[in-house]
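2 protein chains.
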Amino acid sequence: MGEFELIDNFKKILAKPSKSVLVGIGDDTAVTLPPKSRLLWTIDCVVENIHFDFSYSSPKEVGWKALAVNLSDIAAMGGKSCYALVSLVIPKRITEKKLSEIYQGIKECAQWAKVDVIGGNISKGDSDFVLDITVIGEASKPLTRSGAQEGECVAVTGASGFSAAGFCALKKWGKRARSKYPESTEHHLRPKPRLDFAQVLAKNGVSSLIDISDGLSSELNHLSKESKVGIEIEEKLLPFEPEVKKIAEEMNRDPLSFILHGGEEYELLMTFPFSKFASISGLALQYGVPLTMIGHTVRSPRKVQLRDRKGKLKNLLPKGWTHF
Amino acid sequence: MGEFELIDNFKKILAKPSKSVLVGIGDDTAVTLPPKSRLLWTIDCVVENIHFDFSYSSPKEVGWKALAVNLSDIAAMGGKSCYALVSLVIPKRITEKKLSEIYQGIKECAQWAKVDVIGGNISKGDSDFVLDITVIGEASKPLTRSGAQEGECVAVTGASGFSAAGFCALKKWGKRARSKYPESTEHHLRPKPRLDFAQVLAKNGVSSLIDISDGLSSELNHLSKESKVGIEIEEKLLPFEPEVKKIAEEMNRDPLSFILHGGEEYELLMTFPFSKFASISGLALQYGVPLTMIGHTVRSPRKVQLRDRKGKLKNLLPKGWTHF
Chain S
214 MGEFELIDNF KKILAKPSKS VLVGIGDDTA VTLPPKSRLL WTIDCVVENI HFDFSYSSPK
274 EVGWKALAVN LSDIAAMGGK SCYALVSLVI PKRITEKKLS EIYQGIKECA QWAKVDVIGG
334 NISKGDSDFV LDITVIGEAS KPLTRSGAQE GECVAVTGAS GFSAAGFCAL KKWGKRARSK
394 YPESTEHHLR PKPRLDFAQV LAKNGVSSLI DISDGLSSEL NHLSKESKVG IEIEEKLLPF
454 EPEVKKIAEE MNRDPLSFIL HGGEEYELLM TFPFSKFASI SGLALQYGVP LTMIGHTVRS
514 PRKVQLRDRK GKLKNLLPKG WTHF
Chain L
214 MGEFELIDNF KKILAKPSKS VLVGIGDDTA VTLPPKSRLL WTIDCVVENI HFDFSYSSPK
274 EVGWKALAVN LSDIAAMGGK SCYALVSLVI PKRITEKKLS EIYQGIKECA QWAKVDVIGG
334 NISKGDSDFV LDITVIGEAS KPLTRSGAQE GECVAVTGAS GFSAAGFCAL KKWGKRARSK
394 YPESTEHHLR PKPRLDFAQV LAKNGVSSLI DISDGLSSEL NHLSKESKVG IEIEEKLLPF
454 EPEVKKIAEE MNRDPLSFIL HGGEEYELLM TFPFSKFASI SGLALQYGVP LTMIGHTVRS
514 PRKVQLRDRK GKLKNLLPKG WTHF
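These protein sequence lines map, in sequence, to chains S and L. Residues 214 to 537 (the working numbering) make up the first sequence, in order. Residues 214 to 537 (the working numbering) make up the second sequence, in order.
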């Protein structure tokens with residue numbers, strides 16, 4: 214199949230774009246109406262055998278996740294995702310059938326998030342299979358990493374550690390891990406960022422927001438550094454999920470390492486004034502989103518510290534996922 | 214050097230962004246004021262040993278070209294490029310020095326085009342070195358491939374064939390080809406899309422516009438198909454450049470194959486009513502852009518035909534660059 218047939222094939226699989234898309238796939242660029250207030254824009258890529266592995270990920274899941282990680286970045290600004298472009302670098306060994314299934318996964322995620330896929334690029338690859346996706350979103354008041362103030366709550370949606378634990382389980386037991394640890398493997402293979410709740414947070418007095426894709430410890434350090442505040446986290450407040458504990462046990466690892474340093478987690482980490490605690494907790498309940506307060510911000514020291522179960526404070530260094 | 218140091222390094226090299234950039238490199242997404250009228254958006258990638266080769270391209274040139282090919286897509290809609298995100302997949306063998314020089318090339322091209330580089334992504338690669346760049350632009354009246362009417366002029370800026378001829382010369386003689394064939398090699402290594410003139414065209418009655426990055430024959434066929442008109446091209450009107458002829462001669466090839474089918478050319482192909490011929494030619498002169506009328510559109514047959522020097526019409530099939 215040639216380049217143009219591959220593009221046509223993708224176009225056929227995708228849903229019809231919404232009215233704000235003036236020119237979709239097939240011209241030199243896509244054309245849309247502009248966002249109304251602020252334009253948010255991100256790009257993120259996944260590479261075979263570095264970010265995913267077909268021995269335990271289905272092609273559909275690969276497509277889903279490649280888009281989802283970008284949606285998470287827009288959510289992490291309190292924004293709404295609008296459009297996506299997909300750029301693929303395809304080596305010979307990737308079959309057309311696999312590609313069609315990947316497209317299908319991208320489509321499913323796009324429909325779930327109400328995002329239009331409006332173009333992209335296809336290139337031959339020498340050896341690596343690369344999916345680079347870029348997403349445009351909008352927000353009237355984007356929430357950055359630098360808005361946290363002294364004396365605020367630090368809270369996280371869902372539970373961290375699932376994805377890293379799921380990843381280890383898949384590495385060890387392959388596809389069999391899915392039935393044994395459904396929650397953790399699902400979090401790793403088919404993440405669902407908190408798209409709606411992120412927009413709710415932006416409108417309800419959250420002071421800073423970030424996703425925890427690089428791991429909780431790294432993202433806490435980003436928040437602390439960019440907002441110029443210290444953060445104290447309570448170990449006893451961290452959500453220890455039974456599956457995460459079980460996988461850690463089977464691997465002879467401390468579950469805390471998954472929770473604090475496990476990456477590829479698309480939950481939201483946030484700060485807000487204590488006065489907002491009741492209202493934001495109420496909204497979380499209303500939207501069915503688990504929200505856990507895990508600590509608070511302090512004036513000094515300007516770093517991240519973890520209070521262990523014995524009450525002792527120690528520095529929490531960024532040990533999350535990093536390339537290189 | 215870690216991921217975050219690499220990003221910081223890039224940030225230091227880049228120029229300070231303009232005022233419309235509200236959040237640049239370093240948060241979950243970039244944030245900008247939205248374009249005023251229509252948003253144009255494209256993504257294009259270059260892969261080492263497929264699109265470029267360090268044996269004859271300097272890292273600066275690789276960076277320049279990776280951005281320039283995207284700017285060309287925005288120009289091909291008659292738009293103005295505004296912002297760029299850069300996504301890199303970097304295998305171990307790429308040194309930090311090389312990366313810094315690539316950043317420098319991206320910066321130089323961005324400054325030349327008055328574009329802000331406002332974010333991106335860095336990922337480890339297993340084997341391939343991939344630069345994926347996405348650009349946002351704006352236009353009040355985007356020019357698509359589908360606006361050509363029956364009985365219009367078909368014209369092209371500059372001369373086609375330089376890039377393909379330059380590529381062949383570099384493949385054969387390596388860096389030595391640069392002094393021997395400066396124009397062709399420069400076109401291939403450091404293309405300069407017609408950014409300003411594209412915007413002028415959009416305001417002056419051009420009916421369709423496209424860049425010839427896939428080769429003149431392919432792009433003529435795109436125009437014909439999307440606009441539902443036939444196109445007749447005159448061989449004797451095509452710009453035969455001395456360097457292109459010379460390289461073709463040395464390679465025992467027909468220069469016409471470079472001119473018609475050579476890809477990676479960032480000139481503009483357009484149609485406009487004959488009544489606009491004088492005014493558009495005048496503007497080309499004013500902007501110092503060579504503009505050659507190479508044919509005209511016809512009602513039927515709805516395909517692209519080339520009239521050779523003997524006056525005989527034959528079908529011109531798309532034989533330009535295609536992956537796969």
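Check the hints yourself; a few may be wrong.
To be verified - In silico BS3-like links for lysine-lysine, alpha-carbon gap of 30 Å or less:
1. Lys310/S with Lys438/L
2. Lys459/S with Lys523/S
3. Lys310/L with Lys249/L
4. Lys310/L with Lys224/S
5. Lys438/L with Lys224/S
Unchecked claim - Take a look, some chain L residues computed to stay more than 10 Å from chain S by CB distance:
6. Gly239
7. Asp241
8. Thr245
9. Ile256
10. Cys258
11. Val260
12. Pro272
13. Glu321
14. Gly333
15. Lys337
16. Glu462
17. Ser488
18. Met506
What the hints assert, rightly or not - Facing chain S, a subset of chain L residues (Cβ under 10 Å, in silico):
19. Asn222
20. Ile226
21. Ser250
22. Tyr296
23. Val299
24. Ser300
25. Leu301
26. Gly332
27. Glu396
28. Ser420
29. Asp424
30. Ser426
What the hints contain is simulated information worked out from the structure, not anything from laboratory work. Beta carbons: idealized from backbone N, C-alpha and C, even for Gly.
Hints, one by one, checked against the model:
1. Lys310/S with Lys438/L: This hinted pair holds, its Cα atoms lying about 28 Å apart.
2. Lys459/S with Lys523/S: Holds, at roughly 23 Å.
3. Lys310/L with Lys249/L: Since the Cα atoms of Lys310/L and Lys249/L sit roughly 39 Å apart, the hinted pair is violated (cutoff 30 Å).
4. Lys310/L with Lys224/S: violated, 40 Å
5. Lys438/L with Lys224/S: Roughly 17 Å separates the two Cα atoms, so the pair holds.
6. Gly239: violated, 8 Å
7. Asp241: violated, 4 Å
8. Thr245: violated, 5 Å
9. Ile256: violated, 5 Å
10. Cys258: With a cut-off of 10 Å, Cys258/L comes too close to chain S, as the shortest Cβ separation is near 5 Å.
11. Val260: Non-interface label fails for Val260/L: nearest chain S Cβ at 6 Å, not farther than 10 Å.
12. Pro272: holds, 18 Å
13. Glu321: holds, 21 Å
14. Gly333: violated, 6 Å
15. Lys337: violated, 4 Å
16. Glu462: holds, 30 Å
17. Ser488: holds, 26 Å
18. Met506: holds, 22 Å
19. Asn222: violated, 12 Å
20. Ile226: Violated, because the Cβ-Cβ distance from Ile226/L to chain S comes to roughly 18 Å (cut-off 10 Å).
21. Ser250: Hint holds; Ser250/L Cβ to chain S Cβ min 7 Å, cut 10 Å.
22. Tyr296: Nearest chain S Cβ about 7 Å off; hint holds.
23. Val299: Holds - the Cβ of Val299/L comes within 10 Å of chain S, reaching about 8 Å at its closest.
24. Ser300: At about 5 Å, which falls below the 10 Å cut-off, the nearest Cβ of chain S leaves the hint on Ser300/L intact, so it holds.
25. Leu301: Constraint on Leu301/L satisfied, holds at 9 Å.
26. Gly332: holds, 7 Å
27. Glu396: With Cβ-Cβ at 25 Å, over 10 Å, it is violated.
28. Ser420: violated, 14 Å
29. Asp424: Holds, about 6 Å.
30. Ser426: holds, 9 Å
In summary, the structure is inconsistent with hints 3, 4, 6, 7, 8, 9, 10, 11, 14, 15, 19, 20, 27, 28 from the numbered list given earlier, while agreeing with the others.
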